[in-house]
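J.: Sequence:
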Amino acid sequence: MCRHADRGDRVSVVFLTSGELGLKRLPREEAWAIREREATAAAAELGIAALDFWHGPDWFLAEHIEETAARLREALRRDAAERVYVPHEHESHPDHRAAAAIVRAALRGVESGARPGVLMYEVWTPLAEFDEVEDITPVLRRKLRAVRCYESQLAGFRYDRAVRGLNQYRGALAAHCRYAEVFQTLDVGDGVSSPR
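Residue numbers (the numbering used here): 1 to 196.
A hint or two may mislead.
[Stated by the list, open to error] Quick list of the computed label-pair ranges, beta carbon to beta carbon:
hint, residue 1, residue 2, range
1, F157, E36, 40 to 50 Å
2, T185, P27, 37 to 47 Å
3, R145, E36, 15 to 25 Å
4, R161, A114, 34 to 44 Å
Derived from the structure by calculation, the hints contain no laboratory data.
Where is the CB? At the ideal position from N, CA and C, for every residue including glycine.
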């Protein structure tokens with residue numbers, strides 16, 4: 001996202017959930033407020049132009065694929081999205097897996113020439129296969145500052161250290177640089193892969 005923003009691309013992010021179960025001890029609306037404040041601070045670090053919080057049910061997005069896909073289809077059309085990034089479909093978190101299914105459903109039936117490119121990325125579970133590598137060495141510090149904006153989540157696990165370790169591993173083995181991210185193209189499932 002940093003690299004896109006630095007090139008002058010307009011970057012917008014849709015949060016399908018606000019991750020309220022990451023703060024189980026709090027009422028849902030209070031957890032939303034904290035997580036959304038953290039997301040807004042992280043977005044400022046990354047240069048993101050717009051955020052949209054949809055408040056889908058945390059851990060249960062898989063039960064709402066079609067209605068969420070219809071909403072996403074409209075958002076992609078409205079924003080004239082050229083590229084979509086989504087967690088990969090084999091992630092351990094159920095909402096991360098559901099997000100890929102939602103994107104696939106949103107794009108199914110859209111003519112391939114009008115379809116944005118879709119790249120899946122790693123969050124908690126490394127990709128077994130990938131077809132694109134991006135050197136993120138110049139923007140890693142910004143990425144880590146953005147991750148550290150999620151203070152409510154860092155108390156239980158140092159996600160910033162995990163992210164840095166994964167990006168260092170990908171840099172060493174996939175890109176021959178200090179830090180990298182890897183991506184896999186999402187096949188929408190209608191016989192035509194999304195363009196890159």
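J.: Would you mind marking each hint as holding or not holding in the structure?
T.: Structure-based check of each hint:
1. F157 x E36: 40 to 50 Å: violated (20 Å)
2. T185 x P27: 37 to 47 Å: Hint holds: Cβ distance 40 Å, inside 37 to 47 Å.
3. R145 x E36: 15 to 25 Å: Between R145 and E36, where Cβ atoms are some 18 Å apart, the hint holds.
4. R161 x A114: 34 to 44 Å: Given a distance of about 41 Å, which is inside 34 to 44 Å, the answer is holds.
Against the hints set out earlier in the document, a violation occurs for number 1 only.
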